[in-house]
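All chains, please: the whole structure from these sequences, using the hints.
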Amino acid sequence: MDKLLIEELYYLMVLGREFEYAAKEHYMSGDISGFLHLDIGQEGFSVASMKAFAKGDVFTTYREHVLAIARGIDPNVVMAELFGKVTGISQGRGGSMHLFDPSHFFYGGDAIVGGQIPNAVGCAYARKYQDQMDGVMVVFGDGATNGGAFFESLNIASAQKLPLVFLCENNRYAIGTNITHVAPFEKQAHKAKPYMPILEVDGMDAIAVYETIQKAQQYVREGHGPIFVEAMTCRFEGHSMSDANSYRSSQEMEICKSQDPIDKITKKLPKDLIQTLQTKAQKVIQEAVEYASNSPQPDISDLTKHTFTEELNHVVS
Amino acid sequence: MLYREALNLALDETMAKDEKIVVLGEDVGYYGGSYRVTQGLYAKYGEKRLIDTPIAELSIVGNAVGMAIGGLRPVAEIMTANFALLAFDQIINHMAKLHYMSAGKITLPMVVRFPQGVSRQLAAQHSESYEQMLCAVPGLVVFAASDPNYAYHALKKAIMMDDPVVFIEHELLYNKKGEVDTKNSIDPFKAQIKKEGKDITIVSYLKMVDEVLVAVPKIEKELSCSCEVIDLCSLNPVDYETLKKSIEKTTRLVMVEEDHKTGGYGAQILSWVAQELFYSLDAPPLRIAGVDVPIPYNRKLELASIPTVDSIAKRIISWGEKHGI
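Protein chains in written order, with the numbering used here: chain V, 1 to 317; chain C, 1 to 325.
Derived from the structure by calculation, the hints contain no laboratory data. Some hints here could point you the wrong way.
Computed far set for chain C versus chain V, every beta-carbon distance over 12 angstroms [to be verified]:
| hint | residue |
| --- | --- |
| 1 | A16 |
| 2 | L122 |
| 3 | Q125 |
| 4 | T182 |
| 5 | V214 |
| 6 | K221 |
| 7 | E222 |
| 8 | L223 |
| 9 | S224 |
| 10 | A283 |
| 11 | P284 |
| 12 | L286 |
| 13 | R299 |
Capping the alpha-carbon separation at 25 angstroms, the derived lysine-lysine pairs in PhoX-like fashion look like this [what the hints assert, rightly or not]:
| hint | chain 1 | residue 1 | chain 2 | residue 2 |
| --- | --- | --- | --- | --- |
| 14 | V | K55 | C | K20 |
| 15 | C | K105 | V | K55 |
| 16 | C | K48 | V | K161 |
| 17 | V | K161 | C | K20 |
| 18 | C | K190 | V | K305 |
| 19 | C | K218 | C | K300 |
| 20 | C | K105 | V | K51 |
| 21 | V | K161 | C | K44 |
| 22 | V | K271 | V | K283 |
| 23 | V | K3 | V | K215 |
| 24 | C | K157 | C | K44 |
| 25 | V | K305 | C | K157 |
| 26 | V | K305 | C | K105 |
C-beta: ideal position from N, C-alpha, C; glycine also.
In structure tokens form, the structure reads like this:
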């Protein structure tokens, strides 16, 4: 793989981790509220999948800070959203779980487990209709593969031969329930097998994820229809800040942390470059926190703004 | 023109002008629509624009949301209101909220159409009305079409608007005949005064507007009064201006609706009147709604569960006599 690309993946992973550390810190201090789902340990997956699928539309679930940043969205406006500020990407209306930016083809941030999958199917229909075959990628966790929305989507995407990459981030836990307690197998790709081809990848290996997603996108570009990618990952933290992670043994956590995707890629870069990139990432995140802290609160007089489009203002007022 | 033909014409005319418009739903394409609303469109626009879906309502609406995000203008048909319940996650959590949650960055120019209400002995899982739930969700425009002219103009507007619209039809209205003035468009957000009067304002919508209009001559004769009949048309947002003007004139309000009484749609109208127009009233408002019971199969029981011409007339006459009209 190209050295510059490895460098970029590394930088974004470190940037993502620094972002999550800062988010955690400012959640503890009370600047950030609500639900906060950290991506620590899974940055390799998030960064590589977004970089590999640079062209095309992305729909994701609610653990999406790093996905958004890797997509190219300014960390300042992501952090400001977590702080609930008017400068946030969703002007303080969404928070951590609801980051959206159509200018980056990022329709992020869905907090109904599996709810974004049918939306991605519809968008893939639109892209095929418009002859834009870069396609759509939908990211979801193993927990979403047990719901009806997922199965309906496999069926429709396959019947319609839609340019859609199903990307399952399987960290084996739906909050605190191990996937094997609620599904008959650990690998969820089995569920997609009757409908489409499957690619499996180590989600803790950023380079492998990158190459797999590229392959998957090539497949949909060629018009074969949807494809399913399953990436096995491991999150280092609880499901959210309100989860103490007590359902995993220290031994399991040790194995989990030994797979750190950042460590894996660090070995491929010179030490001085690592240092430079780390310093740069820390500075960017520090600035993002300052930006978020210094930004104004939304105006209460704008409370109902965006309930409808401006076209309807005269009717609803 | 028939009501279903008016809907068909609205779809046809907008689809001819704008290639971004697609229709999706169960049996909407090759079959021509369960109530023949999409008849002939499949032959004209093909399978890419008249999309036959599996029986998977969550996906019908969920896919429409994604199509709208992707730049299309989808019109989703759900076969009947009860089936829309399977899509309520997508309607409420996605269709209604994405514009707000994204601070206006995502717009969803889409329509979800479905018929509702009591038809003829279809029992509890095919006869219900859900406007009260949908109007309780901020972010959705809710239209209820009671006649062909409104159906035609309101559906055209709904398709071309950038806000998500729930477009409610009634199972018994599809073969209703009426003039459609295609030349003069109407404002679908405005309530329509179906009949002018000076003593009682009767507010209704959808199929019940017809029942009220048939009941009115008897009411007027018995009470020696004149009734003003208002069709709300847009259930959310509500044209309170038109209501206010009428109620201030007549000083009396009757609300007639087909949905169940507890938590039913008309409760909102009465609560508004109580707060805003209390001192304009000469009688306590009357609300006539469906009984709080799952709609039964037996025809006698079924008719007893919703307002009918006779029960509307009877209730209003006895209310009028009691309050000295």
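Verification of the hints:
no.	hint	in the structure
1	A16	holds, 17 angstroms
2	L122	holds, 25 angstroms
3	Q125	holds, 18 angstroms
4	T182	holds, 23 angstroms
5	V214	holds, 31 angstroms
6	K221	holds, 38 angstroms
7	E222	holds, 38 angstroms
8	L223	holds, 35 angstroms
9	S224	holds, 38 angstroms
10	A283	holds, 31 angstroms
11	P284	holds, 29 angstroms
12	L286	holds, 28 angstroms
13	R299	holds, 35 angstroms
14	K55/V with K20/C	holds, 22 angstroms
15	K105/C with K55/V	holds, 19 angstroms
16	K48/C with K161/V	holds, 13 angstroms
17	K161/V with K20/C	holds, 20 angstroms
18	K190/C with K305/V	holds, 22 angstroms
19	K218/C with K300/C	holds, 23 angstroms
20	K105/C with K51/V	holds, 23 angstroms
21	K161/V with K44/C	holds, 23 angstroms
22	K271/V with K283/V	holds, 19 angstroms
23	K3/V with K215/V	holds, 20 angstroms
24	K157/C with K44/C	holds, 22 angstroms
25	K305/V with K157/C	holds, 22 angstroms
26	K305/V with K105/C	holds, 12 angstroms
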